[in-house]
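Asks: Please arrange chains B and C on chain A, whose structure you already have, making use of the hints.
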Amino acid sequence: MSVDSHTTAGGSAPTANVEGATVRYKTVVALDGVHADFHPGTTALLGPNGAGKTTLLSLLSTARQPDQGAVSLLGAPVRGRANVRRVRERIGVLPQSFGYYPRYTVREFVEYAAWLRRVPSTERAGRVREALGLVELERYADRRMGALSGGMLRRAGIAQAVVNRPALVLLDEPTVGLDPAQRIGFRTLIRALGERSAVVMSTHLAEDVAQVCDHIHVLLEGRMRFTGSAAELCAEADGHDGTTLDGSAVEAGYLAVVGRNGVPV
Amino acid sequence: MRRVLLTEMRRGEAGKVALLAGAAGVWYLLSADVAVSDWIGWWNQASIKVQVFGVIVMGSLMSATAAWTAGRARRTRVDAWSDTAPRGGWSQALLLWAAAWLWSLLVYAVMAAVAFQRTAAVSEVTAPVWSPLVLGAAMTGLQIAAGVCAGTLLPSRITAPAMGVLWYLVFVVLAFLPGLSLARLFPALDEHWDATFQPHTARLLVAALWCAAAALAVLALPALLRRPVFSPGPLAAVPAVLALAAGGVLLTVRAPVGEPFWAVRAEQPAAPVCATEGRVRACLWPDDRHLLPQARDAARAVDRAVGALPGFRRDFRQTGLRPAGPDSAELPVYRPVLDSATMTEAMLGSALPPRPEGCAPHMLRETGGYPDAFLVEAVVNSRAKLVTPYYGDQFAAVLERVLATPAADQDRWLSAAADAIGRCRPVPAPPR
Amino acid sequence: MNPVLAFVRSRDLPRAAAVSLVLALAAAVFAGTRVEIPDFRYLVDYGIPVAAVAPVAHAIVLGTTLHSPMADLEHTAAQPMALFRRLHLLALTALAAALSALPVLFGLPVDVAAASVRNAVGYVGLAAISARLFGSGLAWLLPLGTFGPTLLLGVAPDNTPEWWAWSIHPPYASGALAAAALLWLASLLLPPAPPRAEDRAEA
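Chains as they are written, first to last, in the working numbering: chain A, 56 to 320; chain B, 685 to 1116; chain C, 57 to 259.
If we strip away everything but chain A, and leave its shape as in the complex, we get:
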């Protein structure tokens, strides 16, 4: 089956679908029969450390295959070299801590990512410019990666993740280490990305979720314990008034889900 480029544009078909995925690391079960759909818009993956968020993202990025279950991305199963390659052309990934060659300039770094994602050479320069523009790094395009601050590095990371205009963007803890002003800027950026792609981001920061995310999945000890909107998560908390939708409300809802499932926080 080939990747259907139309499935991501909208409609009911999920951009990514995980069916009963189980992943084991030796004796540890990182994901235990997880089912999840990821639609256009921004989806948050919430959960404590070790809940399986990064493992789920690694399935969605095709970095690994589940031991049991199946993953479909952009309408195609993640199987077969040709399919995986086509899928990879249309996803963007920002790992939690990504490596880079410090002597590359920002432009060279994003260009290299564009090549990795098989952006046609004729379009590459334009796409790099566009990606740098999106993260407001054009002014720093010729600065060495090794000379960037933490916030600029994250933005360069985002730029490489979107340089191929992906239908699915996977962000692992994208706002970690950013100052409050940078985080606000990032939220705007992620919201913008969510309007054109399906964005899945793992995070611990309830405020980011409240501000940015359309859908929320809560993973606890390798199992999917909640799927719904931010408002629905807030409603999980006792005494929620049904109108407030901020970080505290999301946090309260999240803690209610955690508490209900008997997971120590």
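In short, the hints are calculated from the structure, not lab data.
Yeah, the Cβ is synthetic: ideal placement off N, Cα and C, and Gly gets one too.
Certain hints may be false.
Claimed, not checked - Stretches of chain A that chain C covers, calculated by requiring three or more beta carbons in the stretch to come under 8 Å of a beta carbon on chain C: (1) 113–126; (2) 152–161.
What the hints assert, rightly or not - The calculated SDA-like cross-link candidates involving lysine to any residue, where the alpha carbons are at most 20 Å apart (straight line), are: (3) Lys700(B) with Trp814(B); (4) Lys81(A) with Arg695(B); (5) Lys700(B) with Ala782(B); (6) Lys700(B) with Arg188(C); (7) Lys1069(B) with Leu993(B); (8) Lys700(B) with Leu189(C); (9) Lys700(B) with Val688(B); (10) Lys81(A) with Ile185(C); (11) Lys1069(B) with Glu1084(B); (12) Lys700(B) with Ala234(C); (13) Lys81(A) with Pro205(C); (14) Lys1069(B) with Ser1024(B); (15) Lys700(B) with Ile185(C); (16) Lys1069(B) with Thr1089(B); (17) Lys700(B) with Pro205(C); (18) Lys81(A) with Leu189(C); (19) Lys1069(B) with Gly1033(B); (20) Lys81(A) with Arg278(A); (21) Lys1069(B) with Val1086(B); (22) Lys81(A) with Thr109(A).
Replies: Relative to the frame of chain A, chains B and C by itself:
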């Protein structure tokens, strides 16, 4: 501190590399063939073998690994906080060094146990020799310290392998310059100590002290050179002073001319162990008593071949033993394990009187122009039923002819030949 | 920027090649100078150290380029990275072999150069296997770990190389050629591994 050290030992790369080097070492020690080995059966040599493998192979690899581990802080970008920690740089370097050194000591001990176990299976005395092992362990410590120092100061990908290559290079270059005193500061003893020699314990221990003190001093260097790190206190001067003193002693002490630096002649035993068969007597160093059965067989064969012949020597003393008289012959034993035939060959080779100094060999045209002593040796060896080397058809024909003559004629010729060789004269014409 | 150039730069290949070139020139100088060599572990043939030492040095230096600082991003790339990794290995082997043969121009006997090229192929393979097994940072481990025992123990007292010391076997010994070829092929065929945590944490 102990827990942190154990964690570093468990999680660092040193353990893996030490085990890899140890596996190679144990395989090498276990796969050595007793029959041709130059160490299985001699405690000195067993110790030397473990030491030289430990220093040249394991030490170089561990030094490279230590350099790699020491560069970790920079690679993983944690140097910003590790450099500004209240625990000083010397202390941090000591931790990395100790973790790698303890691993190498563990593997070193296993290799020593294997080598000694193999030696104990051959030797009839139990006399493990420790001082070369102590020096090897200390030298490994110095190599690892140099690795930690280099890896901290130059945390590049090439530093680690460069350290390994550098150590190999040092040992090769020093092997090319055997007289260089500086080599004593980087000891990798690759010497052949048979029973004649004993380790010079004092020098070996001074060298071990140099290595250990220099290792501690070298570990203080990165903390002295890198500004953000807490410098070591005056305590760091202690190993530096000790290293200077011990190193100075090593460089200034001289061994007597012609004598090795790291060994001394063993004292003459009160009573060498001897085998007497007929008119032949062979005496060995007590540590080589395991060779007595072979010495007995050889003495019997020599007695049968030349025992009754005047001019041949019948009293054999292993190299290094004081001769019993002017007619005593030196019995060379190059390996700790010899079979009876090899021992017989060695004895027969010494049974002929030596040529006087400056005496050129006399060529025998009849055999094809070979030295006349060759024919005498060939006849003697054939009478002892040993295989003789092939020197061509002409030589073989003469040998066959001599052996076909009556025994009395052979005896007469051999006695006269032995006498002639001892006086630097041509041997008489072989019998027909 | 040309992607091939980007790939090459990201692995610091130009620097490694320059260092290797310096080593090759040093080997060339050594090859042109007859030096008196003492009896070091029975290695009396001066040609053997050149053929044994230079390729291992090239493999170690060029092996540093097996590390990719962007291994994480490359792991999910749409490009056929396994193919590029193999091409990279092929290029390293060609470079190491060419640099190992360079001293021929300065008087190294062709036989010794042939052994040198064979050893370069084998040692580059060994470096790639080491990188795969222990992480790219330890690519030097197996080449260096086999080189020491080869120099120290690889020659038997009868002055013949031990069976396992393939790199000091005569230039056209079939066993040594097979060993070098096998090591190289094994490195080429080893399945790629996900980026290691150590590599991921690196700058």
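Asks: Work down the list of hints and note, for each, if the structure agrees.
Replies: To see whether the hints hold, each was checked on the structure:
1. For a cut-off of 8 Å, the count of residues in the segment 113–126 of chain A with a CB near a CB of chain C stands at 4, and the three-residue condition holds.
2. Here's how the segment 152–161 of chain A fares: 8 of its residues keep a CB closer than 8 Å to some CB of chain C, so the rule of at least three is met and the hint holds.
3. At roughly 26 Å between alpha-carbon atoms, Lys700(B) and Trp814(B) are farther apart than 20 Å, so this suggested pair is violated.
4. As the CA atoms of Lys81(A) and Arg695(B) are separated by approximately 18 Å, the hinted pair is consistent with the 20 Å bound.
5. Pair hint Lys700(B) plus Ala782(B) holds up; C-alpha atoms about 15 Å apart against a cutoff of 20 Å.
6. For the hint linking Lys700(B) to Arg188(C), the alpha-carbon distance of about 15 Å falls within 20 Å, and the restraint holds.
7. Pair hint Lys1069(B) plus Leu993(B) holds up; C-alpha atoms about 17 Å apart against a cutoff of 20 Å.
8. Pair hint Lys700(B) plus Leu189(C) holds up; C-alpha atoms about 11 Å apart against a cutoff of 20 Å.
9. Taken as a hint, the Lys700(B) and Val688(B) pair is honoured in the structure, with Cα atoms around 18 Å apart against an allowance of 20 Å.
10. In summary, the hint linking Lys81(A) to Ile185(C) is not supported, as the alpha carbons are separated by about 24 Å, beyond the 20 Å threshold.
11. As the CA atoms of Lys1069(B) and Glu1084(B) are separated by approximately 13 Å, the hinted pair is consistent with the 20 Å bound.
12. Between Lys700(B) and Ala234(C) the CA atoms are separated by roughly 28 Å; this puts the pair beyond 20 Å, and the hint is violated.
13. For the proposed pair Lys81(A) and Pro205(C), the alpha carbon gap of about 36 Å is over 20 Å, so the pair is violated.
14. For a cut-off of 20 Å, the pair hint linking Lys1069(B) to Ser1024(B) stands: about 12 Å separates their Cα positions.
15. Note on Lys700(B) and Ile185(C): the hinted pairing holds, with a Cα-Cα distance of about 16 Å set against a maximum of 20 Å.
16. Annotation: proposed proximity of Lys1069(B) to Thr1089(B) holds, straight-line Cα distance about 16 Å (limit 20 Å).
17. Distance restraint check for Lys700(B) and Pro205(C): the Cα-Cα separation of roughly 18 Å lies within the 20 Å cut-off, and the hinted pair is therefore satisfied.
18. For the proposed pair Lys81(A) and Leu189(C), the alpha carbon gap of about 18 Å is at most 20 Å, so the pair holds.
19. Restraint check: the Cα-Cα separation between Lys1069(B) and Gly1033(B) comes to about 14 Å, which is no more than 20 Å; the hinted pair holds.
20. Between the alpha carbons of Lys81(A) and Arg278(A) the distance comes to roughly 18 Å, so the proposed pair stays at or under 20 Å and holds.
21. Pair hint Lys1069(B) plus Val1086(B) holds up; C-alpha atoms about 15 Å apart against a cutoff of 20 Å.
22. Proposed proximity of Lys81(A) and Thr109(A) is supported: the alpha carbons are some 17 Å apart, at most 20 Å.
Checked against the numbered hints above, the structure violates hints 3, 10, 12 and 13; every other hint is satisfied.
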